[in-house]
Amino acid sequence: MLIGLLLIAPGAFAAVPVKVMVLAAFPPELAPWLKHMKDPTELKVAGAYAPVWCDTRQVCVTETGEAQVNSATTVSALLASSQLDMTQALVLRAGIAGGPPWGQDTLGGAYWSDWVISWDLGHHLTAISHGQPEPRFLPLGDDQPPLGTEAFKLNPWLVNLAFEVTREIPLADDLPAMNNRKLYPGQANRQPQVGVGATVTGDDFWSGVELSRLAQQIVDYYTHGAARYVTTAMEETGDADAMARRGLLSHYLSLRTISDFDQPPPGETAAAWLLEHNYPGGRIAFENAYRVGNAFVDYVLAHPKQIAQAMSADRVPATHYPLSASEAMGK
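Just add 400 to the spot in the sequence shown (first one is 1) and you have the working numbering.
Hint data in this document are derived by calculation from the structure and do not stem from the laboratory.
For each residue, glycine too, the CB sits at the ideal point set by N, CA and C.
Keep in mind that the hints are not guaranteed to be accurate.
[Stated by the list, open to error] Between beta-carbon pairs, the in silico distance windows are:
1) Pro570 with His624: 47 to 55 Å
2) Gly503 with Ala414: 46 to 54 Å
3) Lys438 with Thr526: 51 to 59 Å
Whole structure, please, built from the sequences with the hints as guidance.
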């Protein structure tokens, strides 16, 4: 009788061997994945923000909640759960983001993150406070070692593969996005495309040219000037830290689509612009996050050996912190 009870106990059931885990932050990001899933099974995972849905292909999706705390705790719960075998899973964050109106970036564009970098962890000096025309970023002090969560360089083999597989996918566009682009220099004739770049993460919603330049300062600091930020989001450093602590950072990808520019057009104030023009590229950003993300999920399922090789743990360079605070100040 005891053996029979053990066999039907919840912990005795085999864990779902997850091939892909898709992470959405909030319901509009989650909705297209659930809409297209065939006969999904709902799992309630202890410690996760929301239920996990898995289909017969072992593709799963869940809502982590917004911001770094929610993402870190949910991903940690998924990795620790006896209901899920995540050891061979590719973990894909797919959602919308802000982005700067320069380079080739534009509303609806889809970008694979090569770096995910914290906006929050450091000192942010206003221009007035240090007597310069621009705000300035300084890292945490010399007497304090890095926390280990400031910046993560993602698996370049996996990032490059995802880009090559999806780079020619036609992306959705619409009239609200087109009209919004016309307000920014050089944006009027832009069309959304797939690209690669750094994602800056933080738990506050900021807007403005000066803060955009500050974001690039932060990226320059952690990457020796090798990366350019293309998207601003909230969850990635939480995701990446949870994955890294399990030795699975090489399995992680982030895909972000631009729903809004991170600064107002010339002649507008940031405060007024935020109130009047919220997410002008939102509809196409939600659509393109699913369109590009799902195309790569299909590729992952069709090429398991190639993906397993790309996710090898030795393929992720160590996160590095190139300068101390005094070095950054030129002392």
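Outcome of range test on Cβ distance (Gly503, Ala414; 46 to 54 Å): Check passed, 48 Å falls within 46 to 54 Å.
Pro570 paired with His624, Cβ distance criterion 47 to 55 Å: Taking Cβ atoms as reference, Pro570 and His624 lie about 35 Å apart, which means the hint is violated.
Range hint 51 to 59 Å (beta carbons of Lys438 and Thr526) holds or violated: holds, 53 Å
Hint 1 from the list above is the single one not met by this structure.
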